[in-house]
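J.: Now for the letters of each chain:
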Amino acid sequence: MTISSVTESAGTPAATDAPDRWGRLGRSIAGSRITGPGAALAIAVVIFWAITSTFMTASNVSLILQQSVVVGMLALGQTVVIITAGIDLANGAIAVLGTVVMGKLAIGSGHPELLVLLVGIGVCVALGGLSGGIITRLNLPPFIVTLGLLTIVSAAARLYTKSQSFPVTSPLLTWLHWTVSIGSLQLTYGTLLMIGAYLVVGYLLTQTGWGRHVFAAGNSPEAARLAGIKVKRVLLSVYLLAGLCYGIAAWEALGRIPVADPSSYSSANLDSITAVVIGGTSLFGGRGGVFGTLIGTLIVLVLRNGLTQANIDSLYQDVATGALVIVAVAVDQLVRRRQQR
Amino acid sequence: MTASRSHEKPVPVLAARGLVKRFGHVTALDGADFDVLPGEVLAVVGDNGAGKSTLIKILAGALSPDSGELLMDGQRVTFKNPLDARRQGIETVYQDLAVAPALDIATNIFLGRERRSPGFVGAVLRRMDTKSMRATAATALTDLGITTARSVTQPVETLSGGQRQAVAVARAAAWGKRVVIMDEPTAALGVRESGQVLELIRRVRDHGLPVVLISHNMPQIFEVADRIHIHRLGRRVALVRPQDSTMSEVVSIMTGALPGNEAAPPRDDEDGS
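Protein sequence lines correspond, in order, to chains A and B. Using my numbering, the first residue of the first sequence is number 1, and each one after it goes up by one. Using my numbering, the first residue of the second sequence is number 1, and each one after it goes up by one.
These are computed hints drawn from the structure, not numbers from a lab. Any given hint could be a false lead.
Straight-line alpha carbon distances no greater than 20 Å define the calculated PhoX-like cross-link-like pairs of lysine-lysine that follow [to be verified]:
hint : chain 1 : residue 1 : chain 2 : residue 2
1    : A       : 230       : B       : 80
2    : B       : 177       : B       : 57
3    : B       : 57        : B       : 80
4    : A       : 230       : B       : 57
5    : A       : 162       : A       : 104
6    : B       : 177       : B       : 80
A short, non-exhaustive set of chain B residues, derived as facing chain A with CB atoms under 7 Å [as the list claims (entries may be wrong)]:
hint : residue
7    : 20
8    : 22
9    : 24
10   : 27
11   : 83
12   : 102
13   : 111
14   : 112
15   : 114
16   : 122
17   : 127
18   : 128
Even for Gly, the Cβ is constructed at its ideal location relative to N, Cα and C.
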């Protein structure tokens, strides 16, 4: 029994289920990665509630939720990529290409709407697979691959549309703008779809073996490989799933604003990274989750909306968001250092 | 276990005969033999470049030999990859890198071998049976007397180096049905933590699993090993018992200052060149 006798105060043996449920609850709240983001969101909401009369109204809260769908879906895919210690700079461009493909195919061609939608989403999945394929086959850093793809895909969207934007009238493609009332909130189908997507990806990440392998591949690819995990296959599946999220983001975008515009959402990639990082997912991989990203997305949009309601110059919105990103990464770094003793 | 070893020679759990492995012009293994018997700790020692890591990689399925054969319980086996070896019950503990620090203990113990829930949720929804995995992981730790972890849901990075290695050993012992190979398990550890890992090695052996211990540390080897396999110039040159030998003898055989007790094996493909 040398093992147990020489180490620091080991109160309970590993096997027993500690009965102090409250203590455990307290520890898990204090130790959770979403405590910080959750508190930041709560503070921002309380401040805007206090200083403006228009912020905490049903219509404004509904608006924030509606505004969050595109960045929210891009950030969802981005989360899974960042958990593998990757990054995707091309996600906004891929979604925009998805919108213009859908918009262009829908005009007067007589293609069935459902087919158009599936082709648009399929293009996004294929581009996700392309990044994943290049990253895993050629062993290139995701930053570089997706930076290249960002340039190529945005150029492709402009070439395809001759840099024109055009309205989209197809009922199916714009279907997500319909709303349902929950109390006095007006939630769009798009918001509900986004929440559903978060639940599905959250389930995959936390409840399935695949999810464990994604975290392991991001945290320690070598340990994952030695444990028999096919790391490259896992990475490829991650980029394909991210592509699917971007395809849904494209559909969400047409539900928000029924216009296919190749020059729209040009900074959505950075917004999605911001949401993920503020949400407590580590840029170093292996830690994080989608719930934090949802909070991060809401923080970004609450800041934007609230500062507008408070009549503060929109440039300060960027200052605030930027500062939050740095704080979030600094906190992550601090936590990592403390845990790795 | 010492008693049953008396007269008839026990069949080695894992054995190798005449392994040859060349990398270009370098011959890493030159007709190497290997035997690990039931219930023993077999230390494998050798100078750098003697070919011990090539030997271990072949035993763990990470490399295939150019010629020679592997036997389990006297039956010929081939391993195409490490997974093959693991399916045959051979588990390997690596120096470091073997655990994912951000993941918890139970997750690490089941990494790559997650258990699914029974029925629809497991088969179709692919849900893991987290509860039963945690319970099994806790049992795996207590079986080896590892009681320092607060809970199996604790991330591995909150553990000390020795405790992390203990988790890796517990994983190997839990999955290893036949043999556990440990590659320099104490190389990165301090004196006290090394002692704890040696104690674990004994416990694994006492559970009936033979342990192959690759090490450079003579005092540790003499403390824990039942037999010592001395590797030199690509083959086993001696097999000694710590009680019949001294550290300086072992070192002399390792470096070639003393001859080993095994002659170079007769080789069919000898052409005199």
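J.: Can the hint on residue 127 (chain B) be confirmed by a CB-to-CB distance to chain A that is less than 7 Å?
T.: 5 Å, holds
J.: Taking 20 Å as the top limit, are the C-alpha atoms of residue 230 (chain A) and residue 57 (chain B) close enough?
T.: Holds, because 19 Å separates the two Cα atoms, which is no more than 20 Å.
J.: Was the hint right that residue 122 (chain B) lines chain A, CB cutoff 7 Å?
T.: 10 Å, violated
J.: Can we keep the residue 112 (chain B) interface hint, with Cβ of chain A closer than 7 Å?
T.: 4 Å, holds
J.: At a threshold of 7 Å, is the proposed contact between residue 102 (chain B) and chain A supported by beta-carbon distances?
T.: 4 Å, holds
J.: For residue 162 (chain A) and residue 104 (chain A), compute the direct alpha-carbon distance and say whether it is at most 20 Å.
T.: Holds, at roughly 11 Å.
J.: Given the hinted pair residue 230 (chain A) and residue 80 (chain B), is their Cα-Cα distance within 20 Å?
T.: 15 Å, holds
J.: Is the shortest C-beta separation between residue 128 (chain B) and chain A less than 7 Å?
T.: 6 Å, holds
J.: Against chain A, run the beta carbon of residue 114 (chain B) and see if the smallest gap drops under 7 Å.
T.: 4 Å, holds
J.: Please check whether residue 27 (chain B) passes as an interface residue: C-beta within 7 Å of a C-beta belonging to chain A.
T.: 27 Å, violated
J.: Would you mind confirming whether the straight-line C-alpha gap from residue 177 (chain B) to residue 80 (chain B) stays at or under 20 Å?
T.: With a Cα-Cα distance of about 19 Å, the restraint between residue 177 (chain B) and residue 80 (chain B) holds, given a limit of 20 Å.
J.: Within 20 Å, alpha carbon to alpha carbon, are residue 57 (chain B) and residue 80 (chain B)?
T.: Measuring from Cα to Cα gives roughly 12 Å; hence the hint holds.
This entry does not satisfy hints 7, 8, 9, 10 and 16, going by the numbered hints stated previously.
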